[in-house]
Amino acid sequence: MDLLGALGVLVRVVETGSFSAVSRERGLSQAAIARQISQLEQHFGVRLLHRTTRKLSLTDDGHVLLGHARTLVDGVDAMEAELGRQRSSPVGLVRVGLPVAASPYVAPRISELLTKYPGLRIDLVISDRFGDMIEDRLDLAVRPGEITDASLVVRNAGTSVPVVVAAPSYLEQYGAPSVPAELGNHRCLVHDTGQDSDVWTFGAPDNAESVRVSGSFSANDSSAVHLAVRSGCGIALLPMIEVFDDLRQGDLIRILSDYSFRGVPISIVYPSRRHLAPRTRLVMEFILEGIKQVRPTLSATGSASI
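Following the numbering used here, the numbering of the sequence shown begins with 1 at its first residue and continues without gaps.
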C-alpha cells in the first residue's frame, strides 16, 4: 500500500464528502478509492469512516488520523512549493468560510484568481454561523469580532464599519436625512440580529448618539436587506465591504457620511496545527489584498476600515 497516497485520498474524501468526487478528481474508480480507505483501516486496525447511502462521517479514530494525514499531505505540498512545482501553478481545493456580508465583494473577484491558476479550485462556504473549522473542513475563514480560539492562527484584516446607504430612486422620492435624528422620518430596512437591531448607534462609545429606526421591512440575513435597499425600499445600515461595489457603481449612495460607527475587527484565520499549503496561502493573500482596496474608501481618520 502507498501509505502517503492513501492518506491523501482520506483527506480528499473528507474535504469533498464524497467517494465519487475523489474518484473523478484522481481518475480512479470509486471501488479503488474505497479500497484505499479500507487498506488504511486494515493497516491501523481501526474504523475511520461511518458510511451510509446519504453521507460520510469520521469516527473518533478517523478524526485523529485525519489530523496527522493533513500534516503529512500539507508537508508534501510545502516541499513541492519549495522546489517550485506549485509556486508557479498552485493546484487543488481551498475551502473558505465567509460571513454573508463579505460574499458580495469576494465572490465576483474569485474568477480573476481561477483564470490565473486553472488548477486551483475554491469552495466558498457562506454563513454567519461559525462552527469548528476542522469539522467544517475549512482551510481559511474570514471572521468578525475578537478571536478567542487559541487553536487558530489569526491574521488581522482591518475593521468592519457599517455605512448608511440608500438607492438613488429612494433619495429622489424621499430625500436624504441630514442628521441621524431625521431617520425617524424615513423607511429604514433592519438587519435583524437580535434585541435592539432597530437601534443604530452613531459615534464613539464616549460620544454616542442612538436612533431607533422603523420601517416595513426587516430580515435576519444581510443579503436580503442588501437586495431590498438596492431596489429602493428604504435606507439600510450595512458593512462597507458588502456595498462597496454598489457605491462605486452608483447603485447605492452613502448618506450621513459625516457620522461614524463603531467598528468590528475582521480577521482571516486558519487552524494552527495545519501547515498552510501554498494554494491556501495564495487565496489568503488574495483576499487580504482585496480587502486593502476597500479600506481607503471609508476611513476619514486613516484607520483600516472595511
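Everything labelled a hint here was simulated from the structure, so no lab data went into it.
For every residue, glycine included, the Cβ atom is placed at its ideal position computed from N, Cα and C.
Worth double-checking, as some hints may not be accurate.
What follows is a set of in silico ranges between Cβ atoms, one per label pair, in the way DEER data are often shown [to be verified]: (1) S57 x L124: 49 to 59 Å; (2) D2 x K292: 22 to 32 Å; (3) R47 x R121: 43 to 53 Å; (4) P168 x D196: 35 to 45 Å; (5) G175 x V199: 44 to 54 Å; (6) Y174 x T148: 26 to 36 Å; (7) L247 x A150: 47 to 57 Å; (8) L3 x S29: 55 to 65 Å; (9) E112 x N156: 16 to 26 Å; (10) V154 x S29: 39 to 49 Å; (11) A150 x G184: 22 to 32 Å; (12) D132 x R47: 14 to 24 Å; (13) T148 x S29: 44 to 54 Å.
Hint check:
Between S57 and L124, the C-beta spacing of about 23 Å breaks the proposed range 49 to 59 Å. In this structure the supplied range 22 to 32 Å is violated for D2 paired with K292, their Cβ-Cβ distance being about 43 Å. Checked against the given bound of 43 to 53 Å, the beta carbons of R47 and R121, roughly 29 Å apart, lie outside it. Against the hinted window of 35 to 45 Å, the Cβ-Cβ separation of P168 and D196 comes to about 30 Å, which falls outside the hint.
Judged by the Cβ atoms, the range 44 to 54 Å given for G175 and V199 is violated: they are separated by roughly 23 Å. Separation of Y174 from T148 is about 43 Å and departs from the stated range, judged on CB atoms against 26 to 36 Å. Taking the beta carbon of each, L247 and A150 are about 37 Å apart, not inside 47 to 57 Å as hinted. Evaluation of the 55 to 65 Å hint for L3 and S29 yields a failure: the beta carbon distance comes to about 20 Å.
Between E112 and N156, the C-beta spacing of about 24 Å keeps the proposed range 16 to 26 Å intact. A hinted range of 39 to 49 Å for the beta carbons of V154 and S29 is consistent with their spacing of about 42 Å. As the Cβ distance of A150 to G184 is approximately 45 Å, the hint placing it in 22 to 32 Å is violated. The supplied range of 14 to 24 Å is met by D132 and R47, whose beta-carbon atoms lie about 21 Å from each other.
Taking the beta carbon of each, T148 and S29 are about 45 Å apart, inside 44 to 54 Å as hinted.
In this structure, the earlier hints numbered 1, 2, 3, 4, 5, 6, 7, 8 and 11 are contradicted, and the remaining ones agree with it.
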